[in-house]
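K.L.:
Work out the full structure, taking the sequences as your base and the hints as a guide.
Protein chains in written order, with this note's numbering: chain A, 1 to 299; chain B, 1 to 299.
Since the hints were made in silico from the structure, they are not lab data. There may be inaccurate statements among the hints.
Pairs count within a copy or across copies, as identical chains cannot be separated in the list.
[Stated by the list, open to error] Derived EDC-like pairs: lysine to aspartate or glutamate, alpha-carbon spacing no greater than 20 Å straight-line:
{"#": "1", "residue 1": "Lys255", "residue 2": "Glu173"}
{"#": "2", "residue 1": "Lys145", "residue 2": "Asp18"}
{"#": "3", "residue 1": "Lys35", "residue 2": "Asp118"}
{"#": "4", "residue 1": "Lys35", "residue 2": "Glu173"}
{"#": "5", "residue 1": "Lys31", "residue 2": "Asp276"}
{"#": "6", "residue 1": "Lys35", "residue 2": "Glu261"}
{"#": "7", "residue 1": "Lys30", "residue 2": "Asp276"}
{"#": "8", "residue 1": "Lys270", "residue 2": "Glu227"}
{"#": "9", "residue 1": "Lys229", "residue 2": "Glu48"}
{"#": "10", "residue 1": "Lys28", "residue 2": "Asp276"}
{"#": "11", "residue 1": "Lys66", "residue 2": "Asp118"}
{"#": "12", "residue 1": "Lys230", "residue 2": "Glu261"}
{"#": "13", "residue 1": "Lys280", "residue 2": "Glu261"}
Listed below are the residues making up each chain.
Number of protein chains: 2
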Amino acid sequence: MKNKFSSFIDDLQKIITDACEKIDGKSKFKKTHWKRNEGGGGMTMVIENGNVFEKGGVNISKVYGKLPEIMAEQLKLNDVEFFACGLSLVLHPKNPMAPTVHANFRYFETYKDDLLIDQWFGGGMDLTPYYLFEKDAIHFHEVCKQVCDRHDENFYKTYKQKCDEYFWNSHREEARGIGGLFFDYCRPNKKMSINDWFLYISDLGNSFLDSYVTIIERRKNLPYSPENKKWQEIRRGRYVEFNLLHDKGTLFGLKTNGRIESIFISLPPKVQWVYDFNPKKNSEEQMLIDVLKSPIKWV
Amino acid sequence: MKNKFSSFIDDLQKIITDACEKIDGKSKFKKTHWKRNEGGGGMTMVIENGNVFEKGGVNISKVYGKLPEIMAEQLKLNDVEFFACGLSLVLHPKNPMAPTVHANFRYFETYKDDLLIDQWFGGGMDLTPYYLFEKDAIHFHEVCKQVCDRHDENFYKTYKQKCDEYFWNSHREEARGIGGLFFDYCRPNKKMSINDWFLYISDLGNSFLDSYVTIIERRKNLPYSPENKKWQEIRRGRYVEFNLLHDKGTLFGLKTNGRIESIFISLPPKVQWVYDFNPKKNSEEQMLIDVLKSPIKWV
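P.N.:
Put into structure tokens, the structure is as follows:
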């Protein structure tokens, strides 16, 4: 499974970055291979200053070795080795009418005395608009639901809710975005073998472009004002707050001594913190906030 | 002591904000009173879009009530009430040649069954330049040392080192800035009564303007290029990383349900995250990094 999933994410990285370069039409992804002292490494692919993408990363990491102590405590395990690999992507479009998207597909194994003792998948994808187009939110969630329904009719409801719970900026009492799917610790069970989980997550990975390309094509050339751009940069501040205060993926990267520049590729290119900025009543900006305060059932 | 220190910081807030408005010559501080549901509140004073200060906050908070659980665990205390008050300031100048400054002066009490069981002071001040002028670093540290030496000849060495240790961006293996002073849990002991500590911290508070005004006056009108500004905004990203990943003051604010907009006033106005940005060899930007990698003895 390790090799199977590993080669799946390698292919997916190529497919997604090729598609993004085509959409962008100007910038190309810059590749960086990196090694982790304790074992493993990754391949970071970054696009910057494009026509469409102001900044984006589609990163693969494959790390292994002794399970870092802080994680061992969390998982209540002693003297254990681990292997983890995943693809993680964040795309920050230039146009404030186009949403930021994040996706992650990951696989984890633990071993004791060279024997596999546990294995699970995790991941998901979610959308962070700066201006809300209901049509886009519905499209994104429909793709998520269609994938889920092909594997288990309860998945969409469960993982949509987990996504709303996870991407919650508790200190602001608002969601980071309009959600999508989030799942973790997907272990073999009576209904799903580890290969069934692989089929589910790879189906989702292969559907990522369907979910996002339609939206970015609709929004990438819309006109916008400096005020729209300012609003985008302020909202990107919330993105930073979530990733540095709450995101477990970021903390996992830091705890496992991952490559900082690869971990922080998720951080938006230009960000503003304006004191006590409040959108006007009934404005489009306020409508977004209202939706983020109480997550919506999109499909 | 509660009332004495409380009224000291009220006066200091006025003195510092008056001085900053004079230096700025354009923007005025905006005042916001806020209340904390669980007890207490604060007075936030914010300056934005000035001639000199792009953003700054000089905030007072006075909060009390039941000690929040997470803190009770940390301090190994059960069923305890607390009172905390302090002045916290951050000034982010527009000119990249001028450094950001941070200072904090705070007092803490805990009670059990209405009886005072513990009391301490904490605080300090530190400087974060984007371009290094040794003269400025030396001046700032000299003021710090002079204050310390008036109270105990060991203070400067001890608290300078604590500052270097505290404002350490461990994930980057570099200091946030060029340091200053940091102290905490300053309790009455054989050498220092609680009033001696008050005299020390109020001396430092009263010296803040001496330490910073000289520097900002020297740098506020220096010419700079768009590249200098970009570098400042990238370095401000490190400031955000420290405050959201490592700073205990920020976490204390969040844990005690402080006012978000007051806590986050420390976050810089405009910030950039550029992938894998590395200054040129022997550039002024690289010289700064070199100093941040291994803190220097300035006086």
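K.L.:
It remains to establish, for every hint, whether it holds in the given structure.
P.N.:
Outcome of the hint check:
no.	hint	result
1	Lys255 with Glu173	between (27 Å within a copy, 14 Å between copies)
2	Lys145 with Asp18	neither (25 Å within a copy, 58 Å between copies)
3	Lys35 with Asp118	neither (25 Å within a copy, 49 Å between copies)
4	Lys35 with Glu173	between (38 Å within a copy, 18 Å between copies)
5	Lys31 with Asp276	between (39 Å within a copy, 12 Å between copies)
6	Lys35 with Glu261	within (13 Å within a copy, 40 Å between copies)
7	Lys30 with Asp276	between (37 Å within a copy, 11 Å between copies)
8	Lys270 with Glu227	both (14 Å within a copy, 15 Å between copies)
9	Lys229 with Glu48	both (17 Å within a copy, 19 Å between copies)
10	Lys28 with Asp276	between (37 Å within a copy, 16 Å between copies)
11	Lys66 with Asp118	within (15 Å within a copy, 42 Å between copies)
12	Lys230 with Glu261	between (25 Å within a copy, 18 Å between copies)
13	Lys280 with Glu261	between (37 Å within a copy, 18 Å between copies)
Of the numbered hints stated above, those contradicted by the structure are hints 2, 3, listed in ascending order.
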